[in-house]
Structures are given as C-alpha cells and as structure tokens.
Amino acid sequence: MYAFDYHKPTSLRQAASMLAKAEDAKILAGGHTLLPTMKQRLAAPSSLIDLGALAELQGIERKGRSVVVGAMTTHAAVASSDVVREAIPGLAEMAEMIGDPAVRTRGTIGGSVANNDPAADYPAACLALAATITTNKRKIEADDFFRGMFDTALEEGEIITKVSFPVPAKAAYAKFRNPASRYALAGVFVAKRGSEIRVAVTGAGADGVFRWTAAEEALKTRFSAKSLAGMAADASMMNSDIHADAEYRAHLVGVMARRAVEAATTR
Amino acid sequence: MTGTGIGAPVRRKEDQRFITGQGRYTDDLARPGQTHAAFVRSPHAHARIRSIDTSAASAMPGVVAILTGDDLAADKIGGLICGWMIHSKDGTPMKAGPHPALAQGKVRYVGDHVAVVIAETFAQARDAAERVEVDYEPLAAVVDTAKAKGAGAVVHDEAPDNLVYEWHLGEKDATEAAFARAAHVTRLDITNNRLIPNPIETRAAIGEYDAGTGGYTLWTTSQNPHVARLVLSAFIGIAPEHQLRVIAPDVGGGFGSKIFIYAEETVCVWAAKKVGRPVKWTSDRTEAFLADAHGRDHVTHAELAVDENAKIIGLRVHTTANLGAYLSTFSSSVPTYLYAPLLSGQYDIPAIYAEVDGVYTNTAPVDAYRGAGRPEATYVVERLVEVTARQLGMDPAKFRKKNYIKRFPHQTPVIMNYDVGDYAASLEKAMEIADVKGFGKRKRESAKRGKLRGLGYSSYIEACGIAPSQAVGSLGAGVGLWESAEVRVNPTGSIEVLTGSHSHGQGHETTFAQLVSDRLGVSIDTVNIVHGDTDKVQFGMGTYGSRSGAVGMSAITKAIDKVIAKGKKVAAYALEASEGDIEFADGRFKVAGTDRSLAFGEVALQAYVAHKFSGQDLEPGLKEGAFYDPTNFTFPAGVHICEVEIDPDTGITKIERFTAVDDFGVVINPMIVEGQVHGGIAQGVGQALMEGAIYDESGQLVTASYQDYQMPRAGDLPSFQVGMTSTPCPSNPLGIKGCGEAGAIAAPPAVINAVTDAIGHEEIAMPATPQAVWRAVQRARPAMAAE
Numbered sequence: 001m002y003a004f005d006y007h008k009p010t011s012l013r014q015a016a017s018m019l020a021k022a023e024d025a026k027i028l029a030g031g032h033t034l035l036p037t038m039k040q041r042l043a044a045p046s047s048l049i050d051l052g053a054l055a056e057l058q059g060i061e062r063k064g065r066s067v068v069v070g071a072m073t074t075h076a077a078v079a080s081s082d083v084v085r086e087a088i089p090g091l092a093e094m095a096e097m098i099g100d101p102a103v104r105t106r107g108t109i110g111g112s113v114a115n116n117d118p119a120a121d122y123p124a125a126c127l128a129l130a131a132t133i134t135t136n137k138r139k140i141e142a143d144d145f146f147r148g149m150f151d152t153a154l155e156e157g158e159i160i161t162k163v164s165f166p167v168p169a170k171a172a173y174a175k176f177r178n179p180a181s182r183y184a185l186a187g188v189f190v191a192k193r194g195s196e197i198r199v200a201v202t203g204a205g206a207d208g209v210f211r212w213t214a215a216e217e218a219l220k221t222r223f224s225a226k227s228l229a230g231m232a233a234d235a236s237m238m239n240s241d242i243h244a245d246a247e248y249r250a251h252l253v254g255v256m257a258r259r260a261v262e263a264a265t266t267r
Numbered sequence: 001m002t003g004t005g006i007g008a009p010v011r012r013k014e015d016q017r018f019i020t021g022q023g024r025y026t027d028d029l030a031r032p033g034q035t036h037a038a039f040v041r042s043p044h045a046h047a048r049i050r051s052i053d054t055s056a057a058s059a060m061p062g063v064v065a066i067l068t069g070d071d072l073a074a075d076k077i078g079g080l081i082c083g084w085m086i087h088s089k090d091g092t093p094m095k096a097g098p099h100p101a102l103a104q105g106k107v108r109y110v111g112d113h114v115a116v117v118i119a120e121t122f123a124q125a126r127d128a129a130e131r132v133e134v135d136y137e138p139l140a141a142v143v144d145t146a147k148a149k150g151a152g153a154v155v156h157d158e159a160p161d162n163l164v165y166e167w168h169l170g171e172k173d174a175t176e177a178a179f180a181r182a183a184h185v186t187r188l189d190i191t192n193n194r195l196i197p198n199p200i201e202t203r204a205a206i207g208e209y210d211a212g213t214g215g216y217t218l219w220t221t222s223q224n225p226h227v228a229r230l231v232l233s234a235f236i237g238i239a240p241e242h243q244l245r246v247i248a249p250d251v252g253g254g255f256g257s258k259i260f261i262y263a264e265e266t267v268c269v270w271a272a273k274k275v276g277r278p279v280k281w282t283s284d285r286t287e288a289f290l291a292d293a294h295g296r297d298h299v300t301h302a303e304l305a306v307d308e309n310a311k312i313i314g315l316r317v318h319t320t321a322n323l324g325a326y327l328s329t330f331s332s333s334v335p336t337y338l339y340a341p342l343l344s345g346q347y348d349i350p351a352i353y354a355e356v357d358g359v360y361t362n363t364a365p366v367d368a369y370r371g372a373g374r375p376e377a378t379y380v381v382e383r384l385v386e387v388t389a390r391q392l393g394m395d396p397a398k399f400r401k402k403n404y405i406k407r408f409p410h411q412t413p414v415i416m417n418y419d420v421g422d423y424a425a426s427l428e429k430a431m432e433i434a435d436v437k438g439f440g441k442r443k444r445e446s447a448k449r450g451k452l453r454g455l456g457y458s459s460y461i462e463a464c465g466i467a468p469s470q471a472v473g474s475l476g477a478g479v480g481l482w483e484s485a486e487v488r489v490n491p492t493g494s495i496e497v498l499t500g501s502h503s504h505g506q507g508h509e510t511t512f513a514q515l516v517s518d519r520l521g522v523s524i525d526t527v528n529i530v531h532g533d534t535d536k537v538q539f540g541m542g543t544y545g546s547r548s549g550a551v552g553m554s555a556i557t558k559a560i561d562k563v564i565a566k567g568k569k570v571a572a573y574a575l576e577a578s579e580g581d582i583e584f585a586d587g588r589f590k591v592a593g594t595d596r597s598l599a600f601g602e603v604a605l606q607a608y609v610a611h612k613f614s615g616q617d618l619e620p621g622l623k624e625g626a627f628y629d630p631t632n633f634t635f636p637a638g639v640h641i642c643e644v645e646i647d648p649d650t651g652i653t654k655i656e657r658f659t660a661v662d663d664f665g666v667v668i669n670p671m672i673v674e675g676q677v678h679g680g681i682a683q684g685v686g687q688a689l690m691e692g693a694i695y696d697e698s699g700q701l702v703t704a705s706y707q708d709y710q711m712p713r714a715g716d717l718p719s720f721q722v723g724m725t726s727t728p729c730p731s732n733p734l735g736i737k738g739c740g741e742a743g744a745i746a747a748p749p750a751v752i753n754a755v756t757d758a759i760g761h762e763e764i765a766m767p768a769t770p771q772a773v774w775r776a777v778q779r780a781r782p783a784m785a786a787e
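Chains A and B supply the protein sequences, listed in that same order.
In terms of this note's numbering, the first sequence is residues 1 to 267.
In terms of this note's numbering, the second sequence is residues 1 to 787.
Careful, some of the hints might be misleading.
[Said to hold, decoys possible] Simulated crosslink set (BS3-like; lysine-lysine; CA at most 27 Å straight-line):
1) B/K448 / A/K226
2) A/K26 / A/K8
3) B/K149 / A/K226
[Claimed, not checked] From the derived model, a few chain A residues whose C-beta atoms are all more than 10 Å from chain B:
4) Q14
5) R41
6) R106
7) E196
8) H243
FYI, nobody ran anything at the bench for these hints, they're computed from the structure.
Built from N, CA and C at the ideal position, the CB exists for glycine as well.
Modelling step: build the complete structure from the supplied sequences, incorporating the hints.
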C-alpha cells in the first residue's frame, strides 16, 4: 500500500467538499474492493474519504411502497433487517449471500453499487427491482445507472446517499459462485411487480450487469420456471475466463434464472 | 502405564501455544538493527537481462543496499543445487543448468529473482524495488509440459531439447511380452495437475552475521534446517558448517515446499554480512504463489494388460514430468524414484516398465509436495485398475481383490520389497463403513431428484520413512536418510529429547513425548522435545516423506534403550546389586525378585551426583544419542471410498461420503493420525476437484491468488469416516509406517473414480471443476443439454 491521506467527514456536505478539493480522492464505503486493491498497489488514491461517520447515510426504512436503504448500510444489516425481510425477502437473502461474514459486516450497499463490479450482487438486485439511486445531487433510475463494468452514471464529486427499492410482488435471487473467489459467476435476480417482470444478471455478462429481456418476455406469459425451460443467455454476450467460458456462463444464467423464479414463486 | 503412552489419543501439547497466538514463527522475530529485503522479480517468463539500473532506486529513502547476481558472482557464492543425480537410460547424467540465487544474464520464470533491495523498513524496500530499472529482452517461453521437449524456446543451453533426463525403470522386454499376450489392454491418457502448496505460513528468513565471531545465523521456515545448513555451507559456500547456525522455529505448515533451499534465504544470510546488519524477508502470498516450488504436473500415457482370467499381467507408463525452470533441491527424484517404484500399487503385477522424461519449462520449479511422486503413481494405477474393471464388466472391488498381493514379503518389478500388509482387510472394512451395499438405493434416490451419484475406490500404497541410506545412495541421493536423536535426562528426572526431525504441524511435541512416556514411565509433561536448531541438535535429516515416526522416533527409541541400559548400571550401584539383576519396568529400576527399587527420577539424580559409584567405573550423567538408519521403506496402505452426487445442471460435485481405512501399522496417537488423514484427504480432494495452477501461453501465472486458485474449504468436505487396520511394520522397532501423506495420495483417484462412475465415462481430467464436470455430462448425455 502506498501512503495516502485519510479523512473522516462528519456530514455529507463536508464529505462532498473534501471530495471536491482533494485530487484523486476515493470514497471509503466498506473498502472490501478498494483496500485489497490498494494493498496490492494496483490502486493508489492520494486520499480516502471515509463515510463511516455519516449518520444520514445509515438505516433502513419502509416509505410507502418502497424500502429505502441508506448508502452506508452494511450487507449484514440488510440481511437481518425485519423491514427488508418482510417487504422484499429476496433482497435480504441476496445480502446474506454476499461474500463472507467479514465482508458483510463491513461492505455497504452504496459501495457495492458505486463500484459496479461485474460480479457484484447488488447491481442485479437494483436493476431487477427497478431501484432508484439517490445521490447528494439527484435521483438516478437503476436502468440509467449501470453503464457497463465498473462504470456508472455517477459524476465527479457525486456521493450515493440511499437506494430505494419499490416493493415487488415476487422476487428472488439465485447465484452460482465462482468456485475460487465465491463472487457471482452467474447471479440472476428476478422480480415481478404488477405486470412488470425484470430479470437482471450479474457475473456472467461481458460488460457487467444486464437485463435478460428474452427471459422477461418468456415470463410474461406465465411467471413460472417452466416458462424458461431450455433457455440460455446469448453466449456471445457472456464473459469468459478460466472458471467458466461463455457457453457455460450462458447456460448457468438459464439455470439460475429458473431457480430464482422457482424460489420467488414457492415463497 | 502412564495414560499418555503409545496408543493414547493425547491432546496436542503444542496447541495451547498455537491457538492462543503464542507461537514464535520466523516473521515474529525481530533482530536488533534488522533491515528488510524486497526482491525484484521477473515479470517475464523468459528474458535476457540487458542491464539493471539501480541508480534511481538507490536514491530512495531508507535504502541500505541493492544487490544483484553480479554481486553474488563476485563473492563466489555458488548456485542452488539439486541433490539427487538421475541418469538417463543411456547412462548420461541429467542435464542441469545453473541456478543462481539472483539471476545472472537471464530470467526463466515469472517471479524469478533478479535483485534484492535492502532498506530500513519493508515499505521502503518495496518502494525502492519498484524503481530498479531492468532492461529485459523478452524471449519465447515454453510452458506446456507435453510440448516442452524439443520446443523452440530453450530454457537452459545445457539441455538443448529442454530434456533434463530420459529415465526408465523396470523390464521393457518382459512388459512388452506381457502386453503381446494380453486378453485386454486398458489405455488412458492422464494429466496430473500442477498444484501450489499454500502452507498457511508463507516462507520467511532472517540472516544475521556476527563480525566478532565470524559466525552466521539464519532463521528460516525450513522442514530440515540441518540439510539447509549443509547445502548453504558445502555447496553454496556461505560459511563452514561450524560458522553457520540455522534455526527453524515454529513453522506453519510446509507440505514439502519448505524442504528446499531457496534463493531468498540464501540471499538474506549472504547479504547480512555485506550490509553488516540482520536482513529479514517475509514472502507475501503473491510471491508464494509465484516462487514456492509447485507440485505434480505430469502428463502420462498408461496401459494395463490383463489376461483372460482378469489377472493383471503388465503395466506400461510413459510420463513427461515438468520440473519447471530450475532443478529445485530434490526435484529430480520426485517423478523418478519416488514415482515409478510405486507403480505396482497393491497389485501383483509381474511386468512393469516406466519411462519418464523430465523437462524444463519457463514455470516455477516443481518439487516434492505432500506425497511427492506417490500420488502421481497412485492416480495412474488406481485409474487404470478402475477403468479396467469397468471395461471388463467386473465389480471394481472384486477386480482389485483378485489382483491384490496376498503373500509377503513381495518383491515388485520396480525396486520395492513390500514387507507386510493385508489389503483385503482394509477393503472389506472400508466397504462396510461406506455402506457400499446401500449405494444402489442411494443412487436411485439421487436419480429421482435429477442428480447423478457415483462411487469410486482407491486402493493405495505408499513408501514412507525414506529410507535406507545405502539404498537411496545407490539411486543417486546426495544424502543419507537416517535420523538422529539425543535423550538428555536432567538430574531431577525431567527429559529433553533432541531430534533431527522437524515439526511444522505434525504434533511431534506430543507424539515424541508419548514415546518417552511409554518407555520411561514418566509423564509427558516432564518431556520437552527440542528440534529445529543446528546449534542444539547435532544433525538430522528433517521431516518429509512421512518419516518422522518411522525413522525419527526409531532413533529416539534407540537412544532411550541406551538410557535405560545406563540407568541399570547406575541403579545397580545405588541399590548395591549386580547390573544383571536390575529390571526396568513402569518407570522403576528394580532388583529382580526383591522389593528394592528406585524411580526413574531417583536414578537420574544418582547418575548426576555420582555418590555411589566412582567415575572411573561408570561415567556420571545420563545422556545418550543414537543414529537410526532404516532397513527398508515402510509401506502404509489402505482403501479410500468416495461417493459423490453431481448436479448435472451446474456441474457441481458434492462429496456425500468419504471413507478412509488405512493401515499405518502401530499408531502412537490416534487423534493426531486421524487429523493427518483428514488434512491429507482435504488436499487430495482439492487436487481432484478444485486446485490447478494455470500458466497462460506467455508464462504468466493466471492462478496467482485465491481469487483464481481454489483451495478446499471445510464446507466443501463431508465428515470423513475414518477406520484403521494394522499390520505392524517389521523394519523398525516401533512397528510404525507413517501417515502424513496417505490422504493426499489416496483421495484423488477415489474422487475421480466416483465422478466418472456418476457421469458414465472416463473423459475428465483433474481438477474436475463444475465447468469440466458440466461439459463431461454434456458429452455423456447430449439429450440432456438443457434442463
């Protein structure tokens, strides 16, 4: 790790001003991606701005037809939240599947969403649940937020403050883990809200999280795993590495989608 | 009986220290004034070094020195050695290129050592190491084991075809004759995947030079500190042995990878004199992946011949073994004498012929890793046997039983003389524990849930406790493989045992004390096991090859016998009886036929005060040493049975049951032995299903972290069902065979035989990852391509 300056602002305004002033600063929101990268000397920000003291970014609440999760809420908090478990059990289950206990107690929803790792779980949940990502400057729909691997709509100096999930009728997540890293190799989040059906895929796509529209269409006829029988994602759109080539990933997307629908419909 | 003697499942004495963080590992040590070393490593698999510019790095804060291969050469420091000479079948000696501790003109694998930066802090050393400018001329690299021979890229000029040796063992003509008359021949192409050892403690070293005495001290993570001192002294030329002390304190696992004498510790101890201060280096995990010696990496074509009665009549093997970019300390012996002599397995095979080509590639050196050669041999034999049974339509257990060796001693066609064993007993017991009878029902139940269930056997044998020095010497070993021990009894009766074995997780502090407790009738709490320091223990060969029990404890036994003999003399004076009348039992020296006796501790005191005898008649003191050279290898054997369930939709293999029945002869501590079996199976399952080092075509290690290299986790494994049978080993005084490697040797073929049973064909290689299994299922059942 190279030397860097550490800041711990006590208000969002202060954090934003620090971010604006510092050259090459990074936000620390759990750090489970950032810190290992820094330790390997693959990232060398001049400053870290730790959002851990910002109470306004904490907490989970039900607001009308949505569940609103503060950006600095940990995965463990989401997983064990009664509010989430009651309104969107699939989201709590997804949070429980992230990483390991250490990651879940430090990693945050805001950090995960802002990083948009192509194998992270939250981007799939946000996309499938049609979440709204709120920053210190604006609100961004999930469909507009994720722009390819490690790329988001966030602009310079923008800080995520909360993520709002409209409560679906049915939703579930199924994940096939990379056998070594245990990141998602193919993670599929399905959600049904009214007549809208969304299927979001993480870990598998060549350019990060995406909506599997063919599966969404198939599920519109009937929201059942059978509607997806024999379906696989388009292999030409898939990532390929030593753990899974594109064809296997495309197949796994189909399997995980069926399992997610199965879980959502048998709840 | 003390309750802590041989056979007692005593809890490990050392664990309190380890689990409360009180262990003292090399990295825990800080020497006054110590500096820190960071190595500049090659980013290329193969390149010529045009120049090394250290000027910018030297100007960095805290830098004490930057040393390169030129400095080593100027000091006439020799290269690292390979201590086992192998001759090719044409009689020529193996073709070994030089192995400098810091590159001289060329780098040969990613991670190869180019220079060392020594600085006040580790961070400073690392910062400066990044500023060392090395001008490389990249060369074409050879990576693939099967394609190394005669490849365009030449790793060492000394081996123009990248062939280190073309070795063979066995009888070619007799084997060909057997195949000519065979009723059935089974042929398999087998890859034994390359593994990265991954001990929990990475390697570390501190070198220190005392300008006053001219002596060096090296603290290092070694499984065999005396061998390290010998090599550093006699071959590398750091200092004469009496001026070089090597200490291997607590060591956190090795699995073979800490046997070898590496560049880093060599550089640290040499540089300590150059900079006049202690030099410390601790490997990070990435360095461990890149530069610890790897294991396995064979490509083999194997054939088994059977006659019309399903009797095995011949076995033929051609193996190409990847030795990496340099010959590590014992690398040459692993795919030769530690491999081919085990190709008879547990079977009566009259004719065997094995050819092994050892090849250089631009990859990390490959050397002994838990099992070392024997897992590779067992995998060949047990895959061949299983597949043959399937092809003959015979029950694999019956086919094995039919071909087992049943009379002992048994001379195989490949050197080994098996002393004792009862293979059918282990098979029957394992089948009972594994409930093989109920397998059909379980398979049907799995099928109802859309899952594939399979069962696989592995009937392994290994050769441990290497070995009679005369035998290994005749096969090319540069050292003898005996062990030494010294038993020091203190005046108050407490005991120090100095051993040349080295404990790095095996629990010697407990098992060795149990032996003393058993023989001398004292509590294990009064026994201290001293190891790992060349200034304390006179000499020793270290711990590897499951030899510490069979060889190390046999040496202790010899020394204890001498202590008892001396004790009888002392007791005779003290009890005013004749020596011939003194009996020793249950910790007391007793005059036969009387009630006059002295406790062991009382005799110890008498030995030291020497009041009752004149020093002219009997020397005071109670301290005895012994060297023990085994008369044969030991031959642990057993049967492991694996049962898997495969999810055809994802390719995930779940191990539902794993049964191990092993014959380790006499067991000192069944709890520790069971732990060794568990750990070995975990590593074997790791090799079968998860682990595999992958280099890309340019020689970059793709699996250089846990993000990509999958180690087995507890959750990947079932609760093992472990049983034992016992035929005591006749060639050592304790009847011990050795248990440290059995699981890693036995498990891979058991797992793969189960996987292939489940998928219905043999076309799958290790590691059988979910992707590999899914593809194999697709090939078996194209109709089931979709759910």
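Right, here's what the structure says about each hint:
Between B/K448 and A/K226, the direct Cα distance comes to roughly 18 Å. Compliance with the 27 Å bound is thereby established for this hinted pair. Restraint check for A/K26 and A/K8: the C-alpha separation of about 12 Å stays at or below 27 Å, so the hint holds. For a cut-off of 27 Å, the pair hint linking B/K149 to A/K226 is broken: about 53 Å separates their Cα positions. The Cβ of A/Q14 sits about 30 Å from the closest Cβ of chain B, beyond the 10 Å cut-off, so the non-interface label holds.
The beta carbon of A/R41 sits about 8 Å from the closest Cβ of chain B, which is not more than 10 Å, so the claim that it is off the interface is violated. At the 10 Å boundary, the C-beta of A/R106 stays outside the reach of chain B, the nearest C-beta of that chain being 18 Å off. Non-interface status of A/E196 relative to chain B is upheld: no Cβ of that chain comes within 10 Å, the nearest being about 26 Å off. Residue-level check failed: A/H243 sits 7 Å from the nearest beta carbon of chain B, not beyond 10 Å.
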